[in-house]
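2 protein chains.
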Amino acid sequence: MQLLEERIRRDGVIKPGNVLKVDGFLNHQMDVELFNEMGKELKRLFPSEKINKILTIEASGIGIACIAAQYFQVPVVFAKKSQSINLDGEQYVTRIQSFTHRRIYDVIVSKKYLGKNDHVLIIDDFLANGCAVAGLIELVRSAGAQIEGVGIAIEKGFQEGGRLLRGKGLRVESLAIVESMNDETGEIVFRH
Amino acid sequence: MQLLEERIRRDGVIKPGNVLKVDGFLNHQMDVELFNEMGKELKRLFPSEKINKILTIEASGIGIACIAAQYFQVPVVFAKKSQSINLDGEQYVTRIQSFTHRRIYDVIVSKKYLGKNDHVLIIDDFLANGCAVAGLIELVRSAGAQIEGVGIAIEKGFQEGGRLLRGKGLRVESLAIVESMNDETGEIVFRH
Numbered sequence: 019m020q021l022l023e024e025r026i027r028r029d030g031v032i033k034p035g036n037v038l039k040v041d042g043f044l045n046h047q048m049d050v051e052l053f054n055e056m057g058k059e060l061k062r063l064f065p066s067e068k069i070n071k072i073l074t075i076e077a078s079g080i081g082i083a084c085i086a087a088q089y090f091q092v093p094v095v096f097a098k099k100s101q102s103i104n105l106d107g108e109q110y111v112t113r114i115q116s117f118t119h120r121r122i123y124d125v126i127v128s129k130k131y132l133g134k135n136d137h138v139l140i141i142d143d144f145l146a147n148g149c150a151v152a153g154l155i156e157l158v159r160s161a162g163a164q165i166e167g168v169g170i171a172i173e174k175g176f177q178e179g180g181r182l183l184r185g186k187g188l189r190v191e192s193l194a195i196v197e198s199m200n201d202e203t204g205e206i207v208f209r210h
Numbered sequence: 019m020q021l022l023e024e025r026i027r028r029d030g031v032i033k034p035g036n037v038l039k040v041d042g043f044l045n046h047q048m049d050v051e052l053f054n055e056m057g058k059e060l061k062r063l064f065p066s067e068k069i070n071k072i073l074t075i076e077a078s079g080i081g082i083a084c085i086a087a088q089y090f091q092v093p094v095v096f097a098k099k100s101q102s103i104n105l106d107g108e109q110y111v112t113r114i115q116s117f118t119h120r121r122i123y124d125v126i127v128s129k130k131y132l133g134k135n136d137h138v139l140i141i142d143d144f145l146a147n148g149c150a151v152a153g154l155i156e157l158v159r160s161a162g163a164q165i166e167g168v169g170i171a172i173e174k175g176f177q178e179g180g181r182l183l184r185g186k187g188l189r190v191e192s193l194a195i196v197e198s199m200n201d202e203t204g205e206i207v208f209r210h
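Protein chains in written order, with the working numbering: chain L, 19 to 210; chain C, 19 to 210.
Hints are not guaranteed to be accurate.
It does not matter which identical chain is used: a pair holds within one copy or between any two.
Unchecked claim - Restricting the straight-line Cα-Cα distance to at most 16 Å, the calculated cross-link-like pairs of lysine to aspartate or glutamate (EDC-like) are:
| no. | residue 1 | residue 2 |
| --- | --- | --- |
| 1 | K58 | E202 |
| 2 | K130 | D49 |
| 3 | K68 | E178 |
| 4 | K39 | E205 |
| 5 | K99 | E76 |
| 6 | K129 | E108 |
| 7 | K33 | E205 |
| 8 | K68 | D201 |
| 9 | K186 | E202 |
| 10 | K130 | D29 |
| 11 | K39 | E51 |
| 12 | K39 | E108 |
| 13 | K186 | E51 |
Read the hints as simulated data drawn from the structure, not as lab findings.
Please construct the entire structure, taking both the sequences and the accompanying hints into account.
And the structure:
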């Protein structure tokens, strides 16, 4: 998606250790106008009328998922990263290793909001090693629901997540795929 | 806001300990169509053209803030609840006590995304004892920015947060204010 690639080039910052900072428009400050264009594009990429729910994970997936949901006219469920006293006992649980935070945490979805009649589009801001999306897939499968696809804002094409997920036969669409990036020159190459 | 009150009556669950569970439409599964009506109403309540940024806090404020931001045509910044290696050193930091999670955590906003020229509308899903909003206000003041108001989905009118914030001269608008609720009868009374 050209608009997103241009924005990454303009406002993204490449840091050592394969870190791409896009917190100016994607995951700290959020450009909702850009999110709308991304939401429209996700609907174009996943036109299936079967999709009746969008699943994402807190925190930075929520904004994109909610804006995109307007084009799908479906509710959003976000998986929560820790136990809260506001959640009932009836939950699907999985464990995810975070690339960004370098730690392992439990992720939960209430059984009330994911079930065998659901056709789920998974949406997240980043796809790197694929652990977060793999965790969401496990939650969907625990519920006996169908995965209609995985929509990602930015995929780090040089990490294995995209390859692993597509290798399992999942339809993964990333709005921008970073083929390579160089923190010394600031150069960034996108896959097309 | 009648639509929200009706939804709370229909799908909200009152639990012992003054817990109002609205995770079917507000803070776990999110009804984006309802959020759109809430966003329109927030714009009606805060028509000021000065507002150039919406500030919220992860995770459950993000969805409402992003949908509302479309009516204000401004970006959203969400305060983060813990240090991440993806954030630079230059941050405003405050400490918030969570009613829901019964713990204390640090909350940060990058100095890049909040500054003295900003006119900020704070948006959050719940107002109870007011600690989260008080923390966001402290972040805004640390930045030398102006607070144009506080927009809340559901206020627990029987807790002190709303009174404390309004007592400081802040304009606080809650789309639904629960005057009282009874976990035995399920009865809920709204303030008008």
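These are the hints, each one checked on the structure:
{"no.": "1", "hint": "K58 - E202", "verdict": "neither (34 Å within a copy, 45 Å between copies)"}
{"no.": "2", "hint": "K130 - D49", "verdict": "between (32 Å within a copy, 14 Å between copies)"}
{"no.": "3", "hint": "K68 - E178", "verdict": "neither (29 Å within a copy, 45 Å between copies)"}
{"no.": "4", "hint": "K39 - E205", "verdict": "within (14 Å within a copy, 48 Å between copies)"}
{"no.": "5", "hint": "K99 - E76", "verdict": "both (7 Å within a copy, 11 Å between copies)"}
{"no.": "6", "hint": "K129 - E108", "verdict": "within (6 Å within a copy, 40 Å between copies)"}
{"no.": "7", "hint": "K33 - E205", "verdict": "within (11 Å within a copy, 54 Å between copies)"}
{"no.": "8", "hint": "K68 - D201", "verdict": "neither (42 Å within a copy, 38 Å between copies)"}
{"no.": "9", "hint": "K186 - E202", "verdict": "neither (35 Å within a copy, 49 Å between copies)"}
{"no.": "10", "hint": "K130 - D29", "verdict": "between (40 Å within a copy, 12 Å between copies)"}
{"no.": "11", "hint": "K39 - E51", "verdict": "neither (19 Å within a copy, 31 Å between copies)"}
{"no.": "12", "hint": "K39 - E108", "verdict": "between (36 Å within a copy, 14 Å between copies)"}
{"no.": "13", "hint": "K186 - E51", "verdict": "neither (33 Å within a copy, 34 Å between copies)"}
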